[in-house]
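Full structure from sequences and hints, please.
One-letter residues, chain by chain:
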Amino acid sequence: MSVPGAPTIPNLPTSPVAADLTAIVPAFNEEATIEATVRSLLAQTFPPQRILVVDDCSTDATAERARRLGATVVSPPSNTGSKAGAQSFALREVSTSYVMAVDADTTLDPDAVETILPALRDPAIAAACGFVVPRRTRTVWERGRYIEYLLAFSFFKRVQDHFGAPLISSGCFSVYRTETLAEVGGWSARTLAEDVDLTWTLYQAGHGVRFVAAAVSRPLEPHSFAFVRAQLTRWSHGLMQNVRLHWRRILHLRFLRSVVAVLFWDAVVAPVVFLLVLPVLAVLVTPWALLGYAIDGPALMVPVLVEAVSRRELGRALVSMPAFFVLRMANAWFMLAAVWGELLLRRPLTVYEKGH
Amino acid sequence: MAAGVPGVGIAAIFFVLAALWAVVAEVALTLRGQSSLARWKVVSRQAGIAAGVAAAAVLTSVGLDRLAGDRGPGAAVGGVVPLTLLLTSGVLVLVLGGAALHRVADHGRGAAAALLELEERARPTAIGGASEAEPAGRALA
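The listed protein sequences correspond, in order, to chains R and B.
Following the working numbering, the numbering of the first sequence begins with 270 at its first residue and continues without gaps.
Following the working numbering, the numbering of the second sequence begins with 33 at its first residue and continues without gaps.
Keep in mind that the hints were calculated from the coordinates and are not lab data.
Certain hints may be false.
Taking CB as the label site, the calculated pair distances span [to be verified]: (1) A60/B to A482/R: 23 to 29 Å; (2) L553/R to H139/B: 43 to 49 Å; (3) D329/R to L99/B: 52 to 58 Å; (4) G95/B to R518/R: 42 to 48 Å; (5) D380/R to A83/B: 30 to 36 Å; (6) L52/B to E452/R: 35 to 41 Å.
Model, not experiment: these values are computed from the prediction.
In this text, a Cβ means the ideal position worked out from N, Cα and C, and glycines have one as well.
Structure (structure tokens):
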């Protein structure tokens with residue numbers, strides 16, 4: 270652990286010396302993906318000192334496959350019931366200055382660790398997150414998410430970072446100062462979105478968070494509606510739970526307050542517009558109202574295409590664009606359900622259903 | 033704005049304005065010698081995207097105007113984009129203003145709660161007339 274208050278500067282050599290970093294990979298029945306994740310960690314230009322796979326009582330070969338590749342596998346006595354539970358179980362095993370959260374279905378580009386760690390040179394920064402791009406873009410859901418990520422990470426998140434407050438340090442790939450993480454209690458299972466909870470908790474405790482666009486992670490995104498349903502249910506309920514939990518303390522953080530207010534408004538109003546107002550207008554007033562579903566398409570395409578060109582993925586982005594509008598309707602539906610359940614009925618969803 | 037969250041444009045307008053505002057802020061920082069080339073690269077890239085988003089919205093409006101022509105009720109469709117932008121911007125101002133007011137109100141509530149707490153401590157209790165601020169014996173005397 271680092272000395273309290275002292276800047277902990279990661280050693281950044283050119284030789285393949287291990288970083289003062291532990292990678293925590295929570296896993297429950299991830300035999301199909303865990304090897305790719307561990308391999309990508311081992312292949313880092315600046316690899317973590319230790320790879321800690323938390324086998325959350327899997328019933329498949331997750332543990333054996335991870336162990337075979339050289340990862341340390343730890344197992345809680347019983348299934349923790351959430352990603353946060355598994356991560357916090359592993360946190361007590363960490364003795365390095367930095368800790369990295371990586372999902373078991375996520376791979377990192379070879380220079381991701383080397384690129385992201387310098388963000389923590391500033392002692393005021395407690396966490397840093399990277400760019401997220403879906404590893405596969407085969408189905409309509411994966412393509413929709415691909416466009417969402419290009420939009421969010423190429424424009425919104427960069428602006429948030431410029432103003433010193435990325436909204437979320439993404440759960441699939443983030444690096445933390447271990448001491449600070451332990452001080453704030455690690456990852457909490459009190460909401461279904463542990464990454465939002467942790468990021469906002471860090472801000473409230475006076476710590477900073479950075480977004481490093483050059484550090485790239487590639488998760489597997491939901492390929493079917495069943496997985497989309499599980500993920501969006503978790504995300505939407507988790508967001509509402511975090512707004513309820515944190516809103517009062519966020520009010521005093523100016524930029525974050527504005528971002529959360531705007532996000533909350535969009536999250537609450539958009540489902541009503543998409544699922545109620547536009548169809549009613551289309552039937553009762555004019556079918557031209559249906560244009561409302563895609564009227565912002567050209568404007569949204571600008572940041573997406575700028576990023577796609579720089580990644581040499583223009584064709585993929587153009588082909589994927591229609592899927593974004595399909596996914597947006599699914600987002601609207603599940604967000605409406607979350608607003609209804611969490612805010613109006615005050616019945617918080619507590620069951621963590623796994624989905625990529 | 034964030035993956036999984038549907039939007040009706042408020043977030044987009046907010047971030048377009050924030051990206052353009054960042055240029056102004058960066059000019060001020062540069063004059064004070066606190067900026068850098070790296071910061072300017074980020075700011076100009078984001079401002080360029082923001083300008084592109086604004087231009088695309090204008091072009092969409094013009095395009096719809098031409099497309100609609102004089103075809104009955106659709107003729108007004110070109111005006112929908114400026115109207116929507118205006119409405120959305122108005123809502124954005126209300127949302128941001130509301131959040132800021134909420135903070136002030138919450139701050140006021142915090143201060144009022146602190147005052148109430150002090151008053152509670154100083155107020156004589158119902159039984160015996162003692163207050164928490166004074167030892168019970170003195171109050172009774």
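Status of the hints after comparison with the structure:
1. A60/B to A482/R: 23 to 29 Å: With Cβ atoms ~24 Å apart, the hint holds.
2. L553/R to H139/B: 43 to 49 Å: Given range 43 to 49 Å: holds, Cβ gap about 45 Å.
3. D329/R to L99/B: 52 to 58 Å: For D329/R and L99/B the Cβ distance comes to about 55 Å; the hint holds.
4. G95/B to R518/R: 42 to 48 Å: holds, 45 Å
5. D380/R to A83/B: 30 to 36 Å: holds, 31 Å
6. L52/B to E452/R: 35 to 41 Å: 38 Å Cβ-Cβ, so the 35 to 41 Å window holds.
In summary, the structure agrees with every hint in the numbered list given earlier.
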